[in-house]
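Participant: Read the sequence shown against our numbering and you will find it ends at 457, with the numbers running on by one and no gaps.
If you are wondering where the hints come from, they were derived from the structure by calculation, not from laboratory data. One should not assume that every hint holds.
[Said to hold, decoys possible] Below, computed lysine-lysine pairings styled on DSBU-like, alpha-carbon distance capped at 35 Å:
no.: 1; residue 1: K409; residue 2: K307
no.: 2; residue 1: K307; residue 2: K199
no.: 3; residue 1: K409; residue 2: K344
no.: 4; residue 1: K344; residue 2: K307
no.: 5; residue 1: K409; residue 2: K391
no.: 6; residue 1: K199; residue 2: K409
no.: 7; residue 1: K199; residue 2: K391
Only a predicted model underlies this, so the values are computations on that prediction, with no experimental measurement involved.
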Amino acid sequence: MGVRGGAHPRAHRAVPPRQGRPAKQAGGSGRHFGPRLDTLLTLGLDSCVVAGVPNESAPPVQNPLIPAGPKEDVALDAAGLTDVGQERDKNEDAYLIGTLHRSLVVHHASASAEGWFAGEPAGTLLLVADGMGGQGGGDIASRTAVNAVSSYLLNALTWAKPAAGRSVDQRDSLMGVRDGLSSAVLTGDASVKTAGAKTGTPRMGTTLTAVLVQWPLAYVAHVGDTRCYLLRGGKLLRLTNDHNMAARLGPDDDRRNDEELQSILWNTLGASDELPRPDLNKLELALGDTLLLCSDGLNKHVSDEQLAAVLSSGDNSRVCCAKLVQMALDGGGTDNVTALVARTMPRR
């Protein structure tokens, strides 16, 4: 991660917590688990999958598998879960899981040709955003970013398939996926700023971590301090760097653990007149790999070792999300918490 000159922070997470809300125990009946429906934006993407906490008296429900690419024998078991946490009045996190499809809707034709036709999937999109805004608006910012980025990619991705025999790198160049992701992030930034101007909260902003899976490749675009992890062979690897002021300090600087510096972001969508600088990465996936996208409300309270243990447990993605969110709540739940888990597996 490059260090930008100047010391002007771009966004601050300081939000007054709600007072007097006791932490609820795991399994308590008073807490609503599951995604807020108004933060789950499909925007023409299908195969959206959401998760709730499984009923302990019944066997866990298996998610419908999502295609990992055109005519591939690989699928994704993917789910997400978000919770407001123990101390906040409003959930400013948003997430999305969706499969990008081209489609044709026939309005007038001979009887045999009427209907709706779907082409092969172009990829699966995973998004997590964590909003912020001093006078409010963080929830609007995160939803707006998820909306804008997914809509842009739906309309901007090249649908033509690579010619047979092209290498992975040639396909990457042909489809321009990384350029598309970068442009999608800039579109999200512009949309958040426009929404902020319209709602009277011009400094609202959001983080964004996005993964586009086009088997066997995964493209990661990242701004802020939401995170993306990869679990492979029982080992957990973090694929993103936090864009906060603490992370810009040297590795031996004790202030890297300062919570105040960790809460000040220098790279966001919205919240600044500057443009975001997304980190863009590409990796090749293998069967059995597990991706975790999360807001900082999870990693504040759940260690990397605990994350790896849950993701290695063999549970399906719904159950993993439920366990991770509950662990964050049991650890204090000081912030909104979101977990999105996607595991590659053979298509049945």
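Participant: Keeping to a limit of 35 Å between CA atoms, is the pair of K344 and K307 held or broken?
Facilitator: 45 Å, violated
Participant: Take a quick look at whether K409 and K391 sit within 35 Å of each other, Cα to Cα.
Facilitator: This hinted pair holds, its Cα atoms lying about 26 Å apart.
Participant: Quickly compare the C-alpha distance for K409 and K344 to 35 Å and report which way the hint goes.
Facilitator: Roughly 20 Å between the alpha carbons, so the hint for K409 and K344 holds.
Participant: Need the status of pair K199, K391: alpha-carbon distance at most 35 Å?
Facilitator: Within the cut-off at roughly 34 Å; holds.
Participant: CA of K409 to CA of K307, is that 35 Å or under?
Facilitator: Within the cut-off at roughly 33 Å; holds.
Participant: CA of K307 to CA of K199, is that 35 Å or under?
Facilitator: 20 Å, holds
Participant: Taking only the CA atoms, is the gap from K199 to K409 under or equal to 35 Å?
Facilitator: 18 Å, holds
In terms of the numbered hints stated before, the structure departs from hint 4 and from no other.
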